[in-house]
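Asks: Spelled out, the chains give:
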Amino acid sequence: MVPLDKLKVVAISKKIGSEDILKNVSFSLKEREIKVILGASGSGKTSILNSIAGIIRPDSGSIIKDGKDVTDLEIEKRNIGFVFQDLGLFYSMNVAENVAYGLRIRSRDLHEINDKVAEISDALSIASHLQKFPSQLSGGEKQLVALARTLITGPDLILMDEPLSSLDSFLRNSMRWYIKDIQKKFGVSIIYVTHDLADAEILGDSIAILHEGSILDDGEKDRILNHPKTAETARILGYNLYSTGGRNYAIHPSMVIVGGPVKVRIVYGETGIKHNYLIETEFGKLNVVTDQILNEGDGVSLERSIQLP
Amino acid sequence: MRARLGFSFALVAVYAISVVIAPLLYLAYYAAHSSTGSLLVEVLRLSLRQSVIQGTVSTIISFSIGLLFGLLLIIYNGRMKNVVISMLFVTYVMPGIVMAIGIISIFGYSSRLWEIIYGNVVYNAPMIAVLSFSTGNSTSVREIYSAKTLGAKDSEIITKFYLPNSLRGGALGAILTFILSFEGFSLPLIIGGPSYSTMEVMIYELKSILPTFSQIPFSSASLLGLLQVVILVVPLYVYLAIRSSARRNESNLPSPLTRYSRVALAGLVLFIVFVMIPFFGMFLKYPVWLLNVHSITARLQISLAVLISNTVLFSFASTFIAFMISIVIAVYRPTLRNQFLILLPLIFSPVTLALSYFLIYGEHIPTSLLIILIFTAVIIPLNLRMMIQSVGTILPSESNSSRTLGDSAIATFFKVQLPRIKWEMSTVLSLMFITVMGEFSSIVTVYTQSTETITIGIYNLLSLRDLRDTYNLTEIFLIVIFISSFIINHLGKSGAVGQT
Chain U
1 MVPLDKLKVV AISKKIGSED ILKNVSFSLK EREIKVILGA SGSGKTSILN SIAGIIRPDS
61 GSIIKDGKDV TDLEIEKRNI GFVFQDLGLF YSMNVAENVA YGLRIRSRDL HEINDKVAEI
121 SDALSIASHL QKFPSQLSGG EKQLVALART LITGPDLILM DEPLSSLDSF LRNSMRWYIK
181 DIQKKFGVSI IYVTHDLADA EILGDSIAIL HEGSILDDGE KDRILNHPKT AETARILGYN
241 LYSTGGRNYA IHPSMVIVGG PVKVRIVYGE TGIKHNYLIE TEFGKLNVVT DQILNEGDGV
301 SLERSIQLP
Chain W
1001 MRARLGFSFA LVAVYAISVV IAPLLYLAYY AAHSSTGSLL VEVLRLSLRQ SVIQGTVSTI
1061 ISFSIGLLFG LLLIIYNGRM KNVVISMLFV TYVMPGIVMA IGIISIFGYS SRLWEIIYGN
1121 VVYNAPMIAV LSFSTGNSTS VREIYSAKTL GAKDSEIITK FYLPNSLRGG ALGAILTFIL
1181 SFEGFSLPLI IGGPSYSTME VMIYELKSIL PTFSQIPFSS ASLLGLLQVV ILVVPLYVYL
1241 AIRSSARRNE SNLPSPLTRY SRVALAGLVL FIVFVMIPFF GMFLKYPVWL LNVHSITARL
1301 QISLAVLISN TVLFSFASTF IAFMISIVIA VYRPTLRNQF LILLPLIFSP VTLALSYFLI
1361 YGEHIPTSLL IILIFTAVII PLNLRMMIQS VGTILPSESN SSRTLGDSAI ATFFKVQLPR
1421 IKWEMSTVLS LMFITVMGEF SSIVTVYTQS TETITIGIYN LLSLRDLRDT YNLTEIFLIV
1481 IFISSFIINH LGKSGAVGQT
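Line order of the protein sequences matches chains U and W. End of the first sequence sits at 309 in this note's numbering; the numbers just go up one at a time, nothing left out. End of the second sequence sits at 1500 in this note's numbering; the numbers just go up one at a time, nothing left out.
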């Protein structure tokens, strides 16, 4: 028997005023999978999550969870966890009360609540903060509290709306691995929306590319990152785009090989952990990120370019 | 989700029909049966004229004074700022009858138009000043420093930056002043006399003193009430349509006009003295320790304890009911496109509201219940508006988190949202409580002897020309207001506040 998808979003559309914010969006989420929806600001990422959670109702289409249509189901009856961009912690409650909230409203036994709070706060290393209020926590600690509060109720899946966007780059990087680790431990399915390619690279099992309310591409992470199907997808993933011989190509800056037939003029060059260049070639301007030093008049190879349809 | 939309709509529909539409229909029915004789036309003409004059003149003067002192509030940047704002606020929440008694304590019984105008200005200018300040103060300090680096003088900073922003709040206050002065009741009734009766006063007199002015009782009063609703619906719509929400100025930069702070404070102190004169007047003239309870009881034929308990009971019951109704509507409101429906009861002046409710429910329920119902309808719009604004300051993700974790909308309100706005709600509750305690115009239209409140007692003592007892009872009233609102405010803020 073919296993059911954990969640299936079927052709949802949403219009606000005269603007189409979601256009016929469809994708699915498998059991224990992290699907990253990657798109620029204003592309409709949050609206997709809000539709799945029941915060807004799509004008058309349906949301199927575990084989059941939940499109018209009340938010509180969906059992879908949500970690909001600003986390949505309850600032009038301390950490322990925040984490226990979902169990309390399910009228669980007090001992069970205390045990589960202790268990999850140990697992997420927030046990020492239980009596603090959200305003006394650092950005990373708040993330963990939001995660703990969501995980404790055992949701069928979790929605994450750019929860790391307010963190500094160092903390963001460690939190990515932390989320990955937690997801493996708890075996939960996650839909994670972001504009940050690094989130997609580290967290995603599959990636959907969202642009102006439409899904441009959706598939396994390796395929999406290494073989973008369209120019727009390639652009969102940071590829250089160029045309030659009436055909369109894309090449990632890290795929440009120093030493090759294509002569370059260096427009700008900066050295960081890697060497970064903006070069001018017969195919136009290209970004290059490489371990090697590139000099004026050197050549590069574009043989790892992908041909676009 | 669709069922929830339907439920929200049903809630608002029941609310609109019972609180606004049915009373309006009753008013229209009775008004249609009034005899349009020349006497009624003359009554209408004279009262309309007074309403327009008092409304217009009071608005112009209040706006000019209020805007000026709103700007001084922006410029003043010292420790006393919150004290000054609180004192200005106190005058605004004082009952109209107290203002009228205060003015009589200074000027005596003289029945002059300018005294009514003075009362209106003292009552409304502080509100305009605070509103002008709140929108003017949201001017970006960074913008001002940018202008200064480009060479702008201080006078240009005020006229080009602060003034335009202050005008938004000031205009809102001016419209409200016009509405409140147009439907002025306590001042024209108590210190104006028959020559200065506004439409509101005439509605009361046609209902309570001359109910059989037309063939069908109360029909002339209903006609005036309906006309007043029609006249005020436009300014009211404008008032509701103006968005005056002020941005919070988050900049840590120092105030750009600090050097004028002392001058501004001097001006503000003068303003406070100007608006506080009526209140200080009576306390100085008739100190509260000269209170003679037996004299008041003998005069009114009702004990002081009954007056106080009636006042507190009606106020508490209506505040509680209005608060609960507001919660239900505020929780389900986000599905509504138009807040105008919720705020519709504002189109009724208190006397018109009392008259229409009297016509519908007067014969079917006890007067005490009728009074509670009227008080509730008087304060619901204010409460709802402030509650919705307070809830709007909380990030939606907090309530959405609670919902996604499995809680219902109403439970989310009590567990997540209310604790976050309990300080604001305590203030709103106190305000509502003070408003209904001081409510005079509606209750004087429907009361019976057993349902007399302190404001009615004050009015009756004044009618008997017993000035000493009038002032002493007013002072007792102010003390009761202070203690009750303090208790409500304190109760609302008790318990773990949490960290914000």
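Be careful, since some hints might not be right.
For lysine to aspartate or glutamate, the following EDC-like pairs were computed, each having C-alpha atoms within a straight-line distance of at most 16 Å [stated by the list, open to error]: (1) 1415/W with 76/U; (2) 8/U with 97/U; (3) 1415/W with 69/U; (4) 68/U with 141/U.
A partial selection of chain W residues facing chain U, derived with a Cβ cut-off under 10 Å [unchecked claim]: (5) 1390; (6) 1394; (7) 1422.
The hints are simulated quantities; they were obtained by calculation from the structure and are not laboratory data. Just so you know, these numbers come straight off a predicted model, no measurement behind them. Beta carbons: idealized from backbone N, C-alpha and C, even for Gly.
Asks: Now tell me, hint by hint, if it's right for this structure.
Replies: Results of checking the hints against the structure:
{"no.": "1", "hint": "1415/W with 76/U", "verdict": "15 Å, holds"}
{"no.": "2", "hint": "8/U with 97/U", "verdict": "33 Å, violated"}
{"no.": "3", "hint": "1415/W with 69/U", "verdict": "30 Å, violated"}
{"no.": "4", "hint": "68/U with 141/U", "verdict": "35 Å, violated"}
{"no.": "5", "hint": "1390", "verdict": "13 Å, violated"}
{"no.": "6", "hint": "1394", "verdict": "9 Å, holds"}
{"no.": "7", "hint": "1422", "verdict": "8 Å, holds"}
In summary, the structure is inconsistent with hints 2, 3, 4, 5 from the numbered list given earlier, while agreeing with the others.
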